[in-house]
Amino acid sequence: MILEPIVPTVLSVRRLPNADPALITAYGGDPTKHTALGLVTCDQDDAMYVALDEATKHAPVDVVFAKSFYAGAAHASGRLSGEILGVLAASEPESIEHGLAALLRCLAHDACFYDADGKGTVTVFPHMIASLGEYLSREAGLVAGAPMAYLVAPPLEATIGLDAALKAADVRAVRVTPPPTETNFACAWLTGTLDACEAAAVAYAAAVVDVAATPKR
Amino acid sequence: MSRTRQLMHALRDALGGADPLPPVVPLPPIPPPPARVYTPRPEQSPFAALAARHTTALLGIGHVGTRYATDVVLQFQAELAVAHAAVAAELPEGWAEQNGFLGLISRVTSHREFLLRPDLGRRLADASLELVRARCQKNVDVQIIVADGLSAVACMQTGKQLGDAVARACTTRGLTVGTPVAARYARVWLEDEIGQETRAKVAMILLGERPGLGTGDGLSAYVVYEPKLGKTDGDRNMMSNIHARGTPPDEAAQRLAALAQAMINQRTSGVTLDLGLLGEVAGGRGYRAPQVRQKLVNE
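Line by line, the protein sequences are chains A and B.
If you're matching positions, the first sequence starts at 1 in the working numbering and goes up one per residue.
If you're matching positions, the second sequence starts at 1001 in the working numbering and goes up one per residue.
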């Protein structure tokens, strides 16, 4: 069945209640502000970015490190590596606990790729964020609380899909990342009104499904 | 459900991708039932095998486990179907006239009524009664009636052949034979009324007999001396199984003519008729070759 959710697999979740300042510095944190870290690996990088952002909405945590690994989940370098390592930093371990809870809830129930061809060989990430958190709003250059459509698909599918999404509603491209990325997918962030973003996300997914069904036309 | 999942769910429905059936759940392998296979066991007893050669009854058929063998069951069902078809058959209207008979009908008006009301099948309809009075030869020795009875199939197949053969045999013996008549929806006792109206010495009705297993084509003959309404079955002599595998019609005709002759000689019929005085007739009363069961089903 097409557009079935492909729920991301959380591969590892560990806490560092009192991390070494050198480590915090190396991973982009501020030792004067941060003492505790939460580390998560997962097999879907884009779902993780959304989930990290979700965590910043629920607890006083900062996303200090989030980077996709090369080649993607199907070609991970280790059993627990997955596609991404995300690091939350906070001034106390309690905040890390709340942040991780929100992050894991988002991965389990919200952010995920969808099966675009019914066989799982083409996937699409047409995610709708109704209200941006601190992390992605900073990355996108938008105000926190703005709606954003977070759209990811394989190279050609993403290109066709982005065109359809931009024409489907009154939206504006915040950032377009053409292939190749670390995972060789392509990404686009669109913003506009809530309804416009939703319409764009749906048009994007529909276009990817169409390409998956008829790749040569 | 998250907003994105709601949107994708709606899009899937809009694209017609919603599968009407749930995905197939793989089932664990189902072990075969603890079935016992029985080998067919033919009849062992030599006595049963010997008896089976002399009857069409189901003797010496062996068994499979506690049941009949499949070919026996199929043969049984086929024979039952033949019997049902014979009961359900009807003599077509106009059959009597097409075959040179005077057509008569009992008081029955439908085939269903014929099966449910034997009393109506024993009396002539008013129009037929007038027909008998107007058209039939009177004061004859033997009045022959061909009728459908409970098997119109048998009547249509050999009714005319047997009727003609009996008439010839009677004529050969010097007996006068009445106008040939054929009756629809007739029961045996209809011969009483017809014989009474024609004032025949002997009335003989040849009609399809109640079908048995595999024999839907058997005719019976019922013969009565001085026919009149009120005669009982004790006043009749009868001969059954007149068909190719039983008593062939030509042989039956000789014996029926002899029977009629004996009734006229002894001036009686039924239990008071002395069959010992009948003398030697075709086929005799001695040994007859056993009937052979018709194979209706190929193994």
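The reader is advised that the hints may include incorrect statements.
Claimed, not checked - Here are some of the chain B residues that sit facing chain A, going by a computed Cβ distance under 8 angstroms:
| no. | residue |
| --- | --- |
| 1 | Arg1003 |
| 2 | Arg1005 |
| 3 | Leu1007 |
| 4 | Met1008 |
| 5 | Arg1267 |
| 6 | Val1271 |
To be verified - Cβ pair distances, simulated, as ranges:
| no. | chain 1 | residue 1 | chain 2 | residue 2 | range |
| --- | --- | --- | --- | --- | --- |
| 7 | B | Leu1015 | A | Ala108 | 43 to 53 angstroms |
| 8 | B | Val1064 | A | Thr9 | 54 to 64 angstroms |
| 9 | A | Asn18 | B | His1009 | 10 to 20 angstroms |
| 10 | A | Glu92 | B | Pro1026 | 15 to 25 angstroms |
| 11 | A | Glu94 | B | Asp1013 | 50 to 60 angstroms |
| 12 | A | His75 | B | Pro1026 | 43 to 53 angstroms |
| 13 | B | Leu1015 | A | Lys167 | 43 to 53 angstroms |
| 14 | A | Ala108 | B | Gly1065 | 53 to 63 angstroms |
| 15 | A | Pro31 | B | Leu1015 | 21 to 31 angstroms |
| 16 | B | Leu1015 | A | Asp163 | 46 to 56 angstroms |
| 17 | B | Leu1015 | A | Pro17 | 19 to 29 angstroms |
Don't read these hints as lab results, they were simulated from the structure.
The beta-carbon is built from N, C-alpha and C at its ideal position, and this holds for glycine as well.
So, going through the hints one by one against the coordinates:
1. The interface hint given for B:Arg1003 holds, since its Cβ lies 5 angstroms from the closest Cβ of chain A, which is under the 8 angstroms cut-off.
2. For the restraint placing B:Arg1005 at the interface with chain A, the shortest Cβ-Cβ distance is roughly 6 angstroms, inside the 8 angstroms limit, so the hint holds.
3. Interface restraint check: B:Leu1007 against chain A, minimum CB-CB distance 5 angstroms, threshold 8 angstroms, status holds.
4. This hint holds: B:Met1008 has a C-beta 5 angstroms from the nearest C-beta of chain A, less than the 8 angstroms allowed.
5. Hint on B:Arg1267 is violated. Least Cβ distance to chain A is approximately 96 angstroms, over the 8 angstroms limit.
6. Using the Cβ-Cβ criterion of 8 angstroms, the hint placing B:Val1271 at the interface with chain A is not satisfied: the shortest such distance is roughly 87 angstroms.
7. About 26 angstroms separates the C-beta atoms of B:Leu1015 and A:Ala108, a value inconsistent with the hinted range of 43 to 53 angstroms.
8. At roughly 59 angstroms, the beta carbons of B:Val1064 and A:Thr9 sit within the given window of 54 to 64 angstroms.
9. Between A:Asn18 and B:His1009, the C-beta spacing of about 44 angstroms breaks the proposed range 10 to 20 angstroms.
10. Between A:Glu92 and B:Pro1026 the Cβ separation comes to about 49 angstroms, which falls outside the hinted range of 15 to 25 angstroms.
11. About 43 angstroms separates the C-beta atoms of A:Glu94 and B:Asp1013, a value inconsistent with the hinted range of 50 to 60 angstroms.
12. For A:His75 and B:Pro1026, the hinted distance range of 43 to 53 angstroms is not satisfied, since their beta carbons lie about 29 angstroms from each other.
13. The given range of 43 to 53 angstroms is broken by B:Leu1015 and A:Lys167, whose C-beta atoms sit roughly 18 angstroms from each other.
14. In this structure the hint that A:Ala108 and B:Gly1065 lie 53 to 63 angstroms apart at CB holds, the actual value being about 59 angstroms.
15. Between A:Pro31 and B:Leu1015 the CB atoms are about 52 angstroms apart, so this pair departs from the stated range of 21 to 31 angstroms.
16. Between B:Leu1015 and A:Asp163 the beta carbons are some 19 angstroms apart, a value that contradicts the proposed interval 46 to 56 angstroms.
17. In this structure the supplied range 19 to 29 angstroms is violated for B:Leu1015 paired with A:Pro17, their Cβ-Cβ distance being about 48 angstroms.
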